[in-house]
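Q: So the chains spell out like this:
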Amino acid sequence: ETGVTQTPRHLVMGMTNKKSLKCEQHLGHNAMYWYKQSAKKPLELMFVYNFKEQTENNSVPSRFSPECPNSSHLFLHLHTLQPEDSALYLCASSQARGGAEETQYFGPGTRLLVL
Amino acid sequence: SQQGEEDPQALSIQEGENATMNCSYKTSINNLQWYRQNSGRGLVHLILIRSNEREKHSGRLRVTLDTSKKSSSLLITASRAADTASYFCATDMLQGAQKLVFGQGTRLTINP
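First to last, the sequence lines map onto chains A and B.
Here our numbering is used: the first sequence runs in plain steps of one and ends on residue 955.
Here our numbering is used: the second sequence runs in plain steps of one and ends on residue 188.
No lab work stands behind these hints: they were computed from the structure.
We put the CB at the ideal spot given by N, CA and C, even for glycine.
Wrong hints could be hidden among the right ones.
To be verified - Below are the BS3-like pairs computed for lysine-lysine, each with C-alpha atoms no more than 30 Å apart in a straight line: (1) Lys175/B with Lys881/A; (2) Lys881/A with Lys102/B; (3) Lys146/B with Lys881/A; (4) Lys880/A with Lys145/B; (5) Lys132/B with Lys102/B; (6) Lys145/B with Lys881/A.
Claimed, not checked - Now the stretches of chain B that chain A is said to cover, found in silico as 3 or more residues with beta-carbon under 8 Å: (7) 119-131; (8) 177-186.
Please put together the full structure from these sequences, using the hints given.
A: As structure tokens, then:
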């Protein structure tokens, strides 16, 4: 148990559905991240939030919409996804100190399948 | 372009043997971290080595860093079946604060 929880753990959705992934961290961290992990590809950073402000959007398509209402919660809203978006979506958090020595704590991930 | 690349992509050894994984990167870094991932789960931080350090130990783990060659190695001694997992290096680059760049990982299998 890393102190970062994600729900749901598994999600199957059609291309016309709208769904949301939720992440919550109980570590008092001020930075949160969304990553995408596809088979045979490196972990891809999608979004970074620092003190609720988005500081990184790694050229992610607009069908992925992040939301960070406070430092403990992070959402990823999904709409009109494509089958190639099927992947493991990982949330992480860290105690941002200006970029130095920031260990990230990961949640267990949401396994997403888009049909 | 990918910052970290692990080598080998897959490694299978007998329980009790040592396992060595390597990571190469392209740009200057603040630090390099190693993470472990059990199948289909989140990543767990193992060890961090700063750019001014050359070697670090944590239990059965030994990490080395050679900034002149832009490479790092992770050694797991006296491997156990429970060490079976994927291992990733991640670099915290000098530019791009709070941005860890992960390699593709090494899939380690420990055979009983």
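Q: The structure should be examined with respect to each hint, and the outcome stated for every one.
A: Going down the list of hints, with the structure as the test:
no.	hint	in the structure
1	Lys175/B with Lys881/A	holds, 18 Å
2	Lys881/A with Lys102/B	holds, 18 Å
3	Lys146/B with Lys881/A	holds, 21 Å
4	Lys880/A with Lys145/B	holds, 26 Å
5	Lys132/B with Lys102/B	holds, 21 Å
6	Lys145/B with Lys881/A	holds, 24 Å
7	119-131	holds (count 5)
8	177-186	holds (count 5)
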